[in-house]
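A.B. asks: Please work from the sequences and hints to get the whole structure.
Residue numbers (the working numbering), protein chains in the order written: chain A, 1465 to 1545; chain B, 1465 to 1545; chain C, 31 to 187; chain D, 31 to 187.
In case anyone wonders, no lab produced these hints; they're calculated from the structure.
According to the in silico footprint, chain A covers these stretches of chain D (three or more CB under 8 Å from chain A): (1) 136-148; (2) 152-158; (3) 161-168.
Ranges between beta-carbon positions, derived for each pair: (4) Glu159(D) / Val41(C): 38 to 44 Å; (5) Ala1510(A) / Leu40(C): 54 to 60 Å; (6) Arg1503(B) / His131(D): 39 to 45 Å; (7) Thr163(D) / Tyr157(C): 55 to 61 Å; (8) Gly1480(B) / Pro32(C): 36 to 42 Å; (9) Asp92(C) / Gly1480(A): 55 to 61 Å; (10) Ala1510(B) / Gly55(C): 50 to 56 Å; (11) Glu1477(A) / Glu117(C): 50 to 56 Å.
Owing to the predicted nature of the structure, the values given are computational and were not obtained by experimental measurement. From the three backbone atoms N, C-alpha and C, an ideal C-beta is built for every residue, glycine too.
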Amino acid sequence: MPVTIRLFARLREVAGTGELTRELPADATVAGLWDQMVRDYPAMAAYQPSLSCAVNAEYARFKSPIADGDEIAFLPPVSGG
Amino acid sequence: MPVTIRLFARLREVAGTGELTRELPADATVAGLWDQMVRDYPAMAAYQPSLSCAVNAEYARFKSPIADGDEIAFLPPVSGG
Amino acid sequence: MPPPTAITELVLDPNRVVDAVSGDGDGAVVTFLGLVRDHNQGRRVTHLIYEAYDALALKALDRIVTEAAEHWPSVRLAIHHRTGRLEIGEASVVIAAASAHRADAFAASRYAIERIKQIVPIWKHEYFEGGDTWIEGATADPDNEEARAHARKLACP
Amino acid sequence: MPPPTAITELVLDPNRVVDAVSGDGDGAVVTFLGLVRDHNQGRRVTHLIYEAYDALALKALDRIVTEAAEHWPSVRLAIHHRTGRLEIGEASVVIAAASAHRADAFAASRYAIERIKQIVPIWKHEYFEGGDTWIEGATADPDNEEARAHARKLACP
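C.D. replies: See below:
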């Protein structure tokens, strides 16, 4: 199933783009997708301990399942304000 | 010696004016002047426990002496802000 | 640059008070606006008239700025207080505190409004449906250390 | 009336954020302005670029407004955050908290800025003399009750 991946700040720079698409198996989780990202972009591994994620613009857990067409975002530590 | 008396808020209303002049003896104090005010305007007596005073636009004590030409102000409890 | 303290009959402009304090090194500006409320202690307020002993009120504001600088040296503080007739929703006082540190900016602006209510010779004449009354708050005494400590405590950090 | 929360590339107008919250019953409005400083950790900053996950950032701001309403029911809160390129002295965030009670208005606005730094998906790209760097602060987790309690504690009363 197709999903959209959103990347921000340093993660966006590492990937060279803020938006990717991937084809995932039906039982995919956010954690599994992140593992795939780290394989594709090893420099992202450093963010593992401090990462947040969102599914369809709602904060989510890494164990959350992914559904067809979802938008998954990986968020480095935030610095608004 | 001549002095100017400034009155504010309720005290101004009691006296019917915000500014008075009085002729005082050379050894006058703020407390003595206030006693004279209360004699002239008995309704002011209620303010005795909560009153502040100033001499020449500086906060002062009631025991402060008064000099020729001073401006003495009597201030009911404040309510700025 | 606007002055740090002012007593004025003109409508207050919060941006102008902020301009009096903020510089390129500041990351935080906290402002406090005191507004005329449409009610007070069950009365339906129609408007207020603020009376001030202008010369002393300005000195009292300056004193508060000095006190705040002692407590929070990183802060620059400005206080503009209006006098005369004010309608509902209008600002009677605008305080701005700028600092590199937001905790200090919050503390100094809170301290300032508490001290204003304690020691600045300004009086609120409240006009409400059915009458009017002078509001009488604190006996002004800048040397009352207990009052100052109370304001310091309310400012928190 | 302006919206209570906004993520925008436009210059922020503090008066507009105040207008989003203040009503005739409010005696106090506290605003917080976050400004771009000309220095950070010894670096001479030239400008910042703020990047946001807009859709989630707006929801996070709404969440903070809801949280503040739980803690301080008397307060109405508005938060506008800017994105894109900001010059020194410009406001990156404007918070306004209106209440009949000044203590609550101070507390809610302080709470809001602490929570923004904890959970709103916005990132600061700092450009300084000699380079640039991403500022990385808190791992965003709205369900982290410890972080929320910390923000509550800093808000004081």
